[in-house]
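Asks: Next come the chains, spelled out residue by residue.
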Amino acid sequence: MEVTATNPNEETNVWGGGNQPLNASYGKMMMWFFIVSDALTFSGFLVAYGFSRFKNIDSWPIADEVFTHFPFLHGVDAPMYYVALMTFILIFSSVTMVLAVDAGHHMNKAKVTFYMLLTIIGGAVFVGSQAWEWNNFIKGEYGALETRGGQILQFVDASSNKRVALADFAATIDTPRTTHASSNGIWFVDESTLPNYSVDEIKAGFAANENIVIRGEKIDGKGHKIVLSREASLEKINDAVNVVEGANLIHNEYGNRLFADFFFFITGFHGFHVFSGVVINCIIFFNVIVGTYERRGHYEMVEKVGLYWHFVDLVWVFVFTFFYLV
Amino acid sequence: MAHADQKLAIFRGLLKFKSNVQKIWGVLIFLSIVTTVEVVLGIIKPASLMGMFLGMKILNWIFIILTIVKAYYIAWDFMHIRDEKGSFKGSIVIPLLILIPYLAFILLVEADYIFDVMSTGFVSWNF
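Top line first, the protein sequences correspond to chains A and B.
Counted from 1, the first sequence has number 241 at position 241 by my numbering; the numbering is strictly sequential.
Counted from 1, the second sequence has number 1015 at position 15 by my numbering; the numbering is strictly sequential.
Just chain A, with the same shape it has in the complex:
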């Protein structure tokens, strides 16, 4: 067979796939189609979150009361400031990325290198911020009781309506119960770490403190959690079977169990995207430094990873809205 050099723009080669109806290179188009499918994955997660939330619309945890921490401001109630900061960090690293792409169009190697570096730093700061957010979420702040039906009972001061931590009122009852480790007794059986207080200690402390009442999961018409009267609280506390401090995949002190599950799953999946984006950005960064794209004659590769990086930013915009604002 005769081999001929084919010009993709030649009309004669149309049947062989020779023209480009979409005017986009193969790599860029595949990155876009990956992004479309990934967008559908994320929308599946977020819609599942919406499903659980609409199903428990009168008892879902209030994000403003869960995410109230800000670095170096201990005890200050700062709802949302921190995630807003994270959003700005990510949008800014998106900007440096698009500036790197623009510098690539001008074949300006020094500028591409500089802006890629800034993008990597922004991404790393974002992942670090998310780790800090997770740390606070897992540690928890106040602690709560859980009833047999899985409802969370939180404690508030009846006069000031402020949350009260378990440590502030729990009685001390001597108990021989310690965390069972696999080194004791049957060697292959162990249990997860016991909470700092037992249910009995909380109950005794609660009975002794007249001004503490229970706040359930239910929300009133104005979007505040319904606080029980002292009498109703004394009755309600008898339903409690577990002490919950912080959050894991089974229990969390904030409210509905699904809330923590979705938080870990969606922000975790997004955080993993950011992490892999940083890794890919590093690879491209070193390729820029050694001059791979200078020799290739164009910096389209920077644009391709840029698309992925902007997509990660785009997803965060939605996660921010549905987890923290709505």
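Simulated from the structure, these hints should not be mistaken for laboratory data.
One should not assume that every hint holds.
[Said to hold, decoys possible] Covered stretches of chain A (chain B as the covering partner; in silico rule of three or more C-beta atoms under 8 Å from a C-beta of chain B): (1) 47-58; (2) 74-86; (3) 151-163; (4) 190-200; (5) 278-290.
We treat Cβ as the ideally placed atom computed from N, Cα and C, and that holds for glycine.
Given chain A's structure and the hints, the job is docking chain B onto it.
Replies: Chain B only, in chain A's frame:
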């Protein structure tokens, strides 16, 4: 080269930039303003926006619309969809515009139904 025919106007031509770099900073400023508005609204939670519209608070509708506006500018100006051919734009955006609202509609209606069943049924969930 794609660079030569970059469109430098946003807001339907209302705002024209002299260079691509200038446009990027302009879009950043716009995105920052929108985010700031969202955060301020989220902290103040104005009572006038707490009314219900189509099963959701008006404030939440505002958040979602502002989010879609931000998504539009990230995709159009940072991901350069504005400079792509119409058919390529469509093949990316149209599947998402059809499938995501469809999925959201089905699952949220179903969730609302389950909420009704759980609250009006004879089973107690709070024990």
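Asks: Hint by hint, note whether the structure agrees.
Replies: Quick rundown of the hints versus the structure:
1. 47-58: Contact hint for the stretch 47-58 of chain A vs chain B: holds, 11 residues under 8 Å.
2. 74-86: Three-residue rule met by the stretch 74-86 of chain A, so holds; n is 4.
3. 151-163: violated (count 1)
4. 190-200: violated (count 0)
5. 278-290: violated (count 0)
Consistency with the previously given hints fails for numbers 3, 4 and 5, ordered from lowest to highest.
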